[in-house]
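Student: Construct the complete structure from the given sequences, taking the supplied hints into account.
First to last, the sequence lines map onto chains A and B. Residues in the first sequence are numbered from 1274 upward in steps of one, following the working numbering. Residues in the second sequence are numbered from 1274 upward in steps of one, following the working numbering.
Hints were generated in silico from the structure; no laboratory data involved. It is possible that some hints are incorrect.
No copy labels: a pair is met if it fits in one copy or bridges any two.
As the list claims (entries may be wrong) - Straight-line C-alpha distance at most 30 Å; calculated DSS-like pairs for lysine-lysine:
{"hint": "1", "residue 1": "Lys1421", "residue 2": "Lys1314"}
{"hint": "2", "residue 1": "Lys1374", "residue 2": "Lys1352"}
{"hint": "3", "residue 1": "Lys1357", "residue 2": "Lys1293"}
{"hint": "4", "residue 1": "Lys1293", "residue 2": "Lys1374"}
{"hint": "5", "residue 1": "Lys1276", "residue 2": "Lys1352"}
{"hint": "6", "residue 1": "Lys1304", "residue 2": "Lys1421"}
{"hint": "7", "residue 1": "Lys1304", "residue 2": "Lys1275"}
{"hint": "8", "residue 1": "Lys1421", "residue 2": "Lys1275"}
{"hint": "9", "residue 1": "Lys1275", "residue 2": "Lys1450"}
{"hint": "10", "residue 1": "Lys1421", "residue 2": "Lys1352"}
{"hint": "11", "residue 1": "Lys1293", "residue 2": "Lys1276"}
{"hint": "12", "residue 1": "Lys1304", "residue 2": "Lys1352"}
{"hint": "13", "residue 1": "Lys1293", "residue 2": "Lys1450"}
{"hint": "14", "residue 1": "Lys1276", "residue 2": "Lys1314"}
{"hint": "15", "residue 1": "Lys1275", "residue 2": "Lys1293"}
{"hint": "16", "residue 1": "Lys1276", "residue 2": "Lys1357"}
{"hint": "17", "residue 1": "Lys1276", "residue 2": "Lys1421"}
{"hint": "18", "residue 1": "Lys1304", "residue 2": "Lys1276"}
{"hint": "19", "residue 1": "Lys1293", "residue 2": "Lys1314"}
{"hint": "20", "residue 1": "Lys1357", "residue 2": "Lys1374"}
Nothing here was measured: the structure is a model prediction, and the numbers come from that model.
This is what each chain is made of:
There are 2 protein chains.
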Amino acid sequence: MKKLTLIVDMDEVMADPITKLRTWYARDFNKQYTDEEIAGKHLADVVPAGHASILYQYLNTPGFFRDLVVMQDAVEVMKCLNEKYDVYVVSAAMEFPNSLKDKYDWLQEHFPFLQWQQICLCGSKHIISADIMIDDHSRNFHAGIHRKILFTSHHNIYEPADERVNNWQEVARLLLK
Amino acid sequence: MKKLTLIVDMDEVMADPITKLRTWYARDFNKQYTDEEIAGKHLADVVPAGHASILYQYLNTPGFFRDLVVMQDAVEVMKCLNEKYDVYVVSAAMEFPNSLKDKYDWLQEHFPFLQWQQICLCGSKHIISADIMIDDHSRNFHAGIHRKILFTSHHNIYEPADERVNNWQEVARLLLK
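Tutor: Right, here's the structure in full:
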């Protein structure tokens, strides 16, 4: 039987850029944002006016994405998903062109069982179709995605969702049973 | 009215890597392949056994894709297509991870009217859906592509095609009338 297509997002799903963003911001501006302060919000909307461009500079710094922490249990669950589904990692990375090679190298290091054919670094995800998508941005759940699974991140905690997972163990319970 | 989605391939459609590949090969092995010698074939199948990996090394050399020649009339026609269609440039670049930033920079230089949201560097194109696709590889014309336009390249000249264009003027005649 043909495997279902499963699209998995990188940032805030497989990798954690938010902890590093907050750490760099605290280093430069002596202000460490708490989980409570960014609940339901994007970091760019929380920092003082004019500082959103600083966050952009962090994200486009060569190397920023290269050593991000892997989300807990992501490797083990992805390994199993990769057996059962036709898995693709799709990241809207094009806004940060200096991240492209870093993201590829990061995947090679932590998810070596994924082939280059399974990686897609795009701008908009609106040309991407799949049976299932796991993403922290509901804006990526367009009509071409059949089953939409919202991965909880600080900015989406108050959003409604068809299906929601809070961690990779919950992904496993949903998709590997 | 919602614009139709148009996916355009880069290599051998917008950019010419084949001339450069043949030039580098001639530089290193003193053999310049003619159009006749590569007609209906992939360069990797024409070079002596064991030399396909040399072509791969050329393609993955940082900078290889950065200064490729733009295909004749591609800029002018793409500018007009970009007004009429929802255009995305989709390149199966992930096989050559050192090409990623070069391809982005090349597009910025020659097609500055394209936004980062319109660029997608992927592995397989089988998760990409569109109303229209222009590509030199018919293997990319899967069920999610409604109208399939084969752009003539040396390797596909003997292939059947739903629709075929031989140059960008023919693209204009087909899609801008």
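Student: It remains to establish, for every hint, whether it holds in the given structure.
Tutor: Against the structure, the hints come out as follows:
Taking the shortest Cα distances, Lys1421 and Lys1314 sit within 30 Å of each other inside one copy (21 Å), while across copies they are farther apart (42 Å). In this assembly of identical chains, Lys1374 and Lys1352 lie within 30 Å of each other by CA distance both inside one copy and across copies; the values are 22 Å within and 28 Å between. When the C-alpha separation of Lys1357 and Lys1293 is checked against a cutoff of 30 Å, the pair qualifies neither within a copy, at 32 Å, nor between copies, at 41 Å. When the C-alpha separation of Lys1293 and Lys1374 is checked against a cutoff of 30 Å, the pair qualifies both within a copy, at 19 Å, and between copies, at 23 Å.
In the homo-oligomer, the alpha carbons of Lys1276 and Lys1352 lie at most 30 Å apart inside one protomer (15 Å), although the nearest pairing across protomers, at 39 Å, exceeds that limit. Taking the shortest Cα distances, Lys1304 and Lys1421 never come within 30 Å of each other, neither inside one copy (35 Å) nor across copies (53 Å). Proximity of Lys1304 and Lys1275 under a CA criterion of 30 Å is satisfied in neither setting, with 51 Å inside one chain copy and 45 Å between copies. Taking the closest pair of Cα atoms, Lys1421 and Lys1275 come within 30 Å of each other both inside a single copy (20 Å) and across two copies (24 Å).
In this assembly of identical chains, the alpha carbons of Lys1275 and Lys1450 lie at most 30 Å apart only when taken from the same copy (18 Å versus 40 Å across copies). For the identical chains of this complex, Lys1421 and Lys1352 are intra-copy neighbours only, at 20 Å inside a copy versus 35 Å across copies, given an alpha-carbon limit of 30 Å. Taking identical chains as interchangeable, the C-alpha atoms of Lys1293 and Lys1276 are never at most 30 Å apart, the minima being 36 Å within one chain and 39 Å between chains. When the C-alpha separation of Lys1304 and Lys1352 is checked against a cutoff of 30 Å, the pair qualifies neither within a copy, at 38 Å, nor between copies, at 45 Å.
Taking identical chains as interchangeable, the C-alpha atoms of Lys1293 and Lys1450 are never at most 30 Å apart, the minima being 33 Å within one chain and 51 Å between chains. For a Cα distance limit of 30 Å, the shortest separation of Lys1276 from Lys1314 qualifies neither inside one copy, at 36 Å, nor across copies, at 32 Å. Neither within a single protomer nor between protomers do Lys1275 and Lys1293 lie at most 30 Å apart by alpha-carbon distance, with minima of 39 Å and 40 Å respectively. Within a single copy, Lys1276 and Lys1357 get their C-alpha atoms as close as 7 Å, which meets the 30 Å cut-off; across copies the closest is 36 Å, which misses it.
Proximity of Lys1276 and Lys1421 under a CA criterion of 30 Å is satisfied in both settings, with 17 Å inside one chain copy and 25 Å between copies. When the C-alpha separation of Lys1304 and Lys1276 is checked against a cutoff of 30 Å, the pair qualifies neither within a copy, at 47 Å, nor between copies, at 45 Å. Only within a single protomer do Lys1293 and Lys1314 lie at most 30 Å apart by alpha-carbon distance; the minimum there is 17 Å, versus 49 Å between protomers. With identical chains, the CA atoms of Lys1357 and Lys1374 are at most 30 Å apart within one copy only, with a shortest distance of 28 Å there and 32 Å across copies.
Checked against the numbered hints above, the structure violates hints 3, 6, 7, 11, 12, 13, 14, 15, 18; every other hint is satisfied.
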